[in-house]
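Q: Now for the letters of each chain:
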Amino acid sequence: MTKNEFLNELKLRLKRIKRAERNRILQYYSELIDDMTENGKTEAEAVETLGSVDDIAKQILIDANAQGNIKNNNTWLIIVLAALGFPVWVPLLAAAFAILVSVLAVLFAVIVSIFAVEIAVAGSALGLIFGSFAMLFRGAASTALFTLGGGLVCLALSLILVPLLFALVKLIIAGVIRLWCLIFKKSYSPMRSAKLHLAKFGIASACIFCVGIALSLCALGTVKFDITLLNTDKKIESISKALSTADINTVEISVYTDNISILPSTDDSAHISYTDTSFVTHVLNSDNGKLSLISEQNKLHWFEYIGLNFGLDNDVELYLPESYSGSIILKSSTGKMNLSDLNDIETVDITSSTGNITLSDLKTTELYASASTGTIRVSDIRADTAILSASTGAVTFSESNCTDSLTVSTTTGKVKLESCTIPSLKVTVTTGSIGIYAVTCDKSANLSSSTGSITLSDVLTKSLTAKTSTGNITGTLRGNESEYAITSSSNTGNNNLVQRTTGERAISIHTNTGNINITFSGK
Amino acid sequence: MDIQLKRGYLEICILAAMLSGETYGYKLIRDVSKYIELSESTLYPILKRLETAGCVSCRSAEYNGRLRKYYFITDSGRERIAEFMKDWETVYSVYNYIKEAYENDKK
Numbered sequence: 032m033t034k035n036e037f038l039n040e041l042k043l044r045l046k047r048i049k050r051a052e053r054n055r056i057l058q059y060y061s062e063l064i065d066d067m068t069e070n071g072k073t074e075a076e077a078v079e080t081l082g083s084v085d086d087i088a089k090q091i092l093i094d095a096n097a098q099g100n101i102k103n104n105n106t107w108l109i110i111v112l113a114a115l116g117f118p119v120w121v122p123l124l125a126a127a128f129a130i131l132v133s134v135l136a137v138l139f140a141v142i143v144s145i146f147a148v149e150i151a152v153a154g155s156a157l158g159l160i161f162g163s164f165a166m167l168f169r170g171a172a173s174t175a176l177f178t179l180g181g182g183l184v185c186l187a188l189s190l191i192l193v194p195l196l197f198a199l200v201k202l203i204i205a206g207v208i209r210l211w212c213l214i215f216k217k218s219y220s221p222m223r224s225a226k227l228h229l230a231k232f233g234i235a236s237a238c239i240f241c242v243g244i245a246l247s248l249c250a251l252g253t254v255k256f257d258i259t260l261l262n263t264d265k266k267i268e269s270i271s272k273a274l275s276t277a278d279i280n281t282v283e284i285s286v287y288t289d290n291i292s293i294l295p296s297t298d299d300s301a302h303i304s305y306t307d308t309s310f311v312t313h314v315l316n317s318d319n320g321k322l323s324l325i326s327e328q329n330k331l332h333w334f335e336y337i338g339l340n341f342g343l344d345n346d347v348e349l350y351l352p353e354s355y356s357g358s359i360i361l362k363s364s365t366g367k368m369n370l371s372d373l374n375d376i377e378t379v380d381i382t383s384s385t386g387n388i389t390l391s392d393l394k395t396t397e398l399y400a401s402a403s404t405g406t407i408r409v410s411d412i413r414a415d416t417a418i419l420s421a422s423t424g425a426v427t428f429s430e431s432n433c434t435d436s437l438t439v440s441t442t443t444g445k446v447k448l449e450s451c452t453i454p455s456l457k458v459t460v461t462t463g464s465i466g467i468y469a470v471t472c473d474k475s476a477n478l479s480s481s482t483g484s485i486t487l488s489d490v491l492t493k494s495l496t497a498k499t500s501t502g503n504i505t506g507t508l509r510g511n512e513s514e515y516a517i518t519s520s521s522n523t524g525n526n527n528l529v530q531r532t533t534g535e536r537a538i539s540i541h542t543n544t545g546n547i548n549i550t551f552s553g554k
Numbered sequence: 040m041d042i043q044l045k046r047g048y049l050e051i052c053i054l055a056a057m058l059s060g061e062t063y064g065y066k067l068i069r070d071v072s073k074y075i076e077l078s079e080s081t082l083y084p085i086l087k088r089l090e091t092a093g094c095v096s097c098r099s100a101e102y103n104g105r106l107r108k109y110y111f112i113t114d115s116g117r118e119r120i121a122e123f124m125k126d127w128e129t130v131y132s133v134y135n136y137i138k139e140a141y142e143n144d145k146k
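The listed protein sequences derive, respectively, from chains A and B. For the first sequence, the numbering used here begins at 32 and goes up steadily by one. For the second sequence, the numbering used here begins at 40 and goes up steadily by one.
Derived from the structure by calculation, the hints contain no laboratory data. Note that the coordinates shown come from a computational prediction; the quantities given were computed from them, not determined experimentally. There is no bait here: all hints are sound.
Below, in silico cross-link-like pairs of lysine to aspartate or glutamate (DMTMM-like), each with a Cα-Cα straight-line distance of 20 Å or less:
#1 B:108 with A:62
#2 B:108 with B:79
#3 A:89 with B:79
#4 A:34 with B:79
#5 B:108 with A:69
#6 B:66 with A:76
#7 A:72 with B:70
#8 B:66 with A:79
#9 A:49 with B:90
With the sequences and hints as input, model every part of the structure.
A: As structure tokens, then:
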């Protein structure tokens, strides 16, 4: 028997041995035969020396059985069972996968929320510490101290959270890696344990916490532990004066952060009240028929620029007698403005930046109101002409009449008119929407919007022009369709109007891509 | 000779044959057969056992245009021989005692 014959015979008999082990055995015998032939034996003699193939194979199989090197014969059976069990193991596998994914999601959510807590606490610490400096600027020392104390307590909490946070994140990450190794049978090597410095953080945090508490207690001590006395602003003087308005034809109030209220007086004289503080004083002046209150603070503080106001605005209140028939000019940057129950005013001119303007129960010849981000809310007004403008703030005009005209303009703010009688109405917005409800316009109504929609309900008008670019124009008009001369167009949208050339009233409705849906109520 | 005892001797003999340097299958059979019967088919499982136990390591190297496996002894293999030697000191003293008693009895 040659070497190759011997090896082939052996290979045939070792079919049941795992391939790697079988190759090692064949390699061993091949090497032996080679060595023997190199030492002078022929191939046949060498094979002869090894003994019978059957005996060798038998011995190997006995050893292999003992060591578990036998191939699994049930491969086919397993494949068949797996295929038959398909409806069972696929859902099980899917469920296991879903559980794994949800566990990971929960762990991730826990990490994120703990980070959020840390950021919130650290943020409040910074806010309070900065805020305390701002208050110190305003001269409110004990409040500043109290706020600083609170800020330090928050800082301490955020500091102690840092090592705990890292410990937790590490724990979760290690757990996930361990799970991964377990599932995919990879070898797991634990992470190098980094020092958490828990003690250092703890001591620093405790110190800061104690200092914070001590400061707060000191601050409370200065006001004899009455927390309501912790005023945010140190008032120097609350001033209240009675004034004669006999020769006055103009009232002007110009402030920065104060709220302004103009209200009717209960007697025949005017009363004004305002608060001078360590930081803001007011100059009250009355000459040449003009009553003026001007705030001396001629610029905002840095902290007011970044939005920290701490409710520091005080109120200016002016009570006017019924007999007053001059003009009212109000200016405020962040304050709210409020006018109500005044008759026979010549001109009302209100300018605000972020403050809201509220007007009610007012009779005036001219009304001008402009706000930037603040809203303008008008109700129960009688005016000849009114001009209202806002940028992002909304404008609401309700239960009011103008004898001449109303002009409203906004950029993104919504405009809403309700239950009004206005001869000439002009509304211009860019992206805001326009809503006109139960409004009568004897002369004309001119509504235009760029992307906003226009909604009409129960509107009666001699001449209506409504234009938008992408918005819809929908709603109901009073009267029969036959009363109206109609021109309308929508380039790509739907249009339910039929063109009519004659009629005592005229409507002209145009949109580029929006839809037109106008109905007539018949009344 | 008892088969278990013989298997034990064989393992130690093979380890001892490696003490003088790395060696290969054919050379092992030639060296060890001078003292104790060792067939080609018995050598393979013994080498495998010693390798699994960590007493022996091996490497493949080219020889005469083919690969040949070279075996060498490890530290734990050396310890195994040392243990054997120690055990046999006891066996030897017991042997001497038995031998003396047996010879006295013959007289």
